[in-house]
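**Q** So you can see what is in the structure, the chains are spelled out below.
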Amino acid sequence: MLRLLSIPAALILLMIGAIAWSSSQSTPRADFTFVIPRDVLTLDPNQMSYLQDFRLAYCIWEGLYAYDGMTLDPVPGVASSVDISPDKRVYTFHLRPEAKWSNGDDVVAGDFLFAWRRMLESPGEYSYLHYYIKAAEPYLHAYADFLADPDKNKKPDFSTVGLRVIDPHTLRVELENPVLFFLELMGMPAFFPLHEPSMRQYREVDPRTGNVTYNRKFTRPGVVGNGPFVLKTWEFKRRVRLEKSPTYWDRGHVPSNSIEQLCVEDMLGEVLRYEAGDCDWIPEVSSEVGPEMVSKGRNDVHIFPGFGSYYLTLMLRPQFKDGSDNPLSDLRVRQALAMSFEKETICDNIMRMGEKPATTYIPPTIFPGFNVKPGYPFDAKRARELLDQTAFRGAKTLPGVSILYSSNTLTFAAMAQNIANQWRANLGLEIPVEQQESKVRRERVNNKEYSITIGDWIGDYQDPSTFTDKMLSTSVNNDSDWKNMDFDRLCADATRETDPQKRYRLLERANELIDKELSMIPLYYNTNQYLFRGNVHGINLNPRNMTMFKGVWVDRRKGS
Amino acid sequence: MLNFIAWRIAQFPLILAIIYLITFAFVWIAPGSPFGNQERQLDETAKLALERRFHADKWYKFLGNYPKQIILHGDFGPSMQYAEWTVNDILKTSLPVSITLGLFALVLGTLIGVAVGTLAAVHRDGIFDWISLAIVLVGISLPSFIFAALLLMIFAGWLEWFPVGGWGSFSDIVLPGVALALAPMAYIARLSRVAMIDVLSSDFVRTARAKGVSRSVVIWKHCLRNAFLPVLSYLGPAAATTLTGSFVIERVFSIPGLGQHFVNSIQNRDRTLILGATMVYSFLLLVFNLLVDIGYALVDPRIDVTAKGS
Chain U
2 MLRLLSIPAA LILLMIGAIA WSSSQSTPRA DFTFVIPRDV LTLDPNQMSY
52 LQDFRLAYCI WEGLYAYDGM TLDPVPGVAS SVDISPDKRV YTFHLRPEAK
102 WSNGDDVVAG DFLFAWRRML ESPGEYSYLH YYIKAAEPYL HAYADFLADP
152 DKNKKPDFST VGLRVIDPHT LRVELENPVL FFLELMGMPA FFPLHEPSMR
202 QYREVDPRTG NVTYNRKFTR PGVVGNGPFV LKTWEFKRRV RLEKSPTYWD
252 RGHVPSNSIE QLCVEDMLGE VLRYEAGDCD WIPEVSSEVG PEMVSKGRND
302 VHIFPGFGSY YLTLMLRPQF KDGSDNPLSD LRVRQALAMS FEKETICDNI
352 MRMGEKPATT YIPPTIFPGF NVKPGYPFDA KRARELLDQT AFRGAKTLPG
402 VSILYSSNTL TFAAMAQNIA NQWRANLGLE IPVEQQESKV RRERVNNKEY
452 SITIGDWIGD YQDPSTFTDK MLSTSVNNDS DWKNMDFDRL CADATRETDP
502 QKRYRLLERA NELIDKELSM IPLYYNTNQY LFRGNVHGIN LNPRNMTMFK
552 GVWVDRRKGS
Chain L
147 MLNFIAWRIA QFPLILAIIY LITFAFVWIA PGSPFGNQER QLDETAKLAL
197 ERRFHADKWY KFLGNYPKQI ILHGDFGPSM QYAEWTVNDI LKTSLPVSIT
247 LGLFALVLGT LIGVAVGTLA AVHRDGIFDW ISLAIVLVGI SLPSFIFAAL
297 LLMIFAGWLE WFPVGGWGSF SDIVLPGVAL ALAPMAYIAR LSRVAMIDVL
347 SSDFVRTARA KGVSRSVVIW KHCLRNAFLP VLSYLGPAAA TTLTGSFVIE
397 RVFSIPGLGQ HFVNSIQNRD RTLILGATMV YSFLLLVFNL LVDIGYALVD
447 PRIDVTAKGS
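So the protein sequences, as listed, match chains U and L. If you count the first sequence from 1, position 417 lands on 418 in the working numbering, and the numbers rise without skipping. If you count the second sequence from 1, position 199 lands on 345 in the working numbering, and the numbers rise without skipping.
You may find that some hints are simply not true.
Unchecked claim - Cβ-Cβ distance ranges computed for the label pairs, FRET-style:
id : chain 1 : residue 1 : chain 2 : residue 2 : range
1  : U       : Val477    : L       : Lys204    : 39 to 47 Å
2  : U       : Arg558    : L       : Phe316    : 57 to 65 Å
3  : U       : Gly105    : L       : Leu167    : 49 to 57 Å
4  : U       : Lys484    : L       : Gly220    : 47 to 55 Å
5  : U       : Asn478    : L       : Ile292    : 35 to 43 Å
What the hints assert, rightly or not - In silico BS3-like links for lysine-lysine, alpha-carbon gap of 27 Å or less:
id : chain 1 : residue 1 : chain 2 : residue 2
6  : U       : Lys322    : L       : Lys367
7  : U       : Lys297    : U       : Lys322
8  : L       : Lys357    : U       : Lys155
9  : U       : Lys155    : U       : Lys322
To be verified - Cβ-to-Cβ under 10 Å is the rule here; a few derived chain L residues that face chain U:
id : residue
10 : Arg186
11 : Val253
12 : Pro309
Derived by calculation from the structure, the hints in this document are not laboratory data. The beta-carbon is built from N, C-alpha and C at its ideal position, and this holds for glycine as well.
Based on the sequences and whatever the hints tell you, model everything.
**A** Below, the structure is given as structure tokens:
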């Protein structure tokens, strides 16, 4: 009998050992803790493109300019001042001498040059923002050609790019065009400086081309940054911990000593952690739990307008991939589709998080002074008339047309079905719906093997061009393949315009073309949803969904 | 016996190589790229640079690079989705978590399962039989995410006996362990009940009882050894599955285990991570099947495992 018991006893001992082996060391609770459903994908400013990556990058690094925590207006960061030439094409930044890296080194102009050059030579998703700099775009492509075939193509000359280090504390940037929102861009991670000396140990040099790349492990704890916080711990898909930087120039305005990000994939688990008091902030509340919390009248659910819209992207090529005619290439068909379904039901019954029905691509309220005219209203009768004018009068369906959507977003299936039902009721058209996994859907949209799909666009910076650029005939993001020469010309004129008012008028006219020509049918303007209690300070409710932890703190005296 | 073990182990590399190639073929033909994922598209130049960096532009470059590294250095390469981390980093941090949790669940499941099954067989049609029936029914038919959510709501939400999720201390392991143990417990209870009923009616039991051996000694010593055989054959694959983690349980209790990577890596087309996770799982499966075969020989001397190998 004793011998029999020895087996379970041994197993239990083994288990206790295993727990010790697999558990992480516990640290005291951070001053501010928040929970997100996914881990950051990368902390390399060169490669990042996701919101959760940006959020931490703003803690670890700081650009020439930064964002005010509450208004998100650009404010001086590493640069204490800037001289802008009268034609607004030359920016001379003066770096503050008190700006330090977390290892004590001075932040100098060369650190920016190094990081920006890396953006061009090892391009990432946001390298295109550097195209505003003189000769940066040709340099990026020439360098890529050189890497692809070093025997045939010459290594391009970096000195052609409009970047000059005048002295360690002065950086001159020459632009292709007057970019009126350039200071705003200077706060983005794509323009952060990097500390080259500490990255040297991760250097990998290709012997054939001399091309230098860096193992991305350089972003692990120990990474040298110049922001308000230092990365202390990063346990994959568990937690990230930041601690206040002792060398940051503006450390007097950093109220929290530590910030912790926990990773909880399950929505219910996330909310339970919040209810248990383990965390102070949840930056996205899912539609699985959000509406119920709102209906209970809770005042810690904060719903506010977002910085973009959801829409049906329509593929506009005259023919589909298989050679058959695309009914959507007829504007009247697109108008009929756009006017024959109500978006209120989608907002109220499917999304349920305060979304507003949309008739335009750009939300009308996000750019003060930028006028957005309403687009096509719901008018089923007029829609029928328009359809009757086309070859599809009395048709039962539109050949080759279906609604494609990604299965990874829960609400899309209900949305697609709802729209198809309304089209059947109001136009008599049977449009099938088609669900695909997000990667498959993406590939089909890239290859233009689709007709209608649910898409969205969230802007990056406080200027309408962050939306209109997507629709340029040369843009990789122009999924509908909409080509309008008037639109391209208006946008190009706007790019050269130095007067902000005139520039807005040009972009307004361009934007009107997008809504009129219906390369997309707007569905709703998105919202952001935060969950935090009244004792949390410094979190803004700006549509851009950017939180600067520099000024965030929790008042523990009141309790929660 | 040693020959048998050596022969089985010698087969491992070939089996693993075949699994690697088949998995690779599926991974490669699956539509979608590991790079770029959202509405904003990756510039063609940037995409090419990434593909070159990860040897993901051509299938022969992928196969020319990674398998060699795995064999020479045991290095599965960098994760394509989380490029700061190598697949080895991810396996090293997540596998211990899954093994710990899985071990707990397996021990719990086996002990309770065998006990319930045995008691049910002994007290046939009695109260224990009904209890065992209930456990089996619940364990087999109730999906683990429902059971896990119930446990979470009752013991973490209302009673606040256990934390709602996370990993690090013994209290974190209890709820997910119980949730994970439910299914194997049910199977084991059923298997051992049937086997026990069979054994209890055999001649040697009657003889032992007739010789005056006490009832409990007969049941727990003589019968259990025999009744344990079907449970043992179930334990091999069950151990491999349980120890490599459960996607559902890990998600509900936010446990940083390996199970999540089986699903997420495929959704992300994270080719290196898919292959790494598959290879670890396959390796464990092979090892546990071998252990089960060895276990057979130890429990039942009549079984000659070497006969299969020669």
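**Q** Taking each numbered hint in turn, which are not upheld by the structure, reported in ascending numerical order?
**A** 1, 2, 6, 7, 8 and 9
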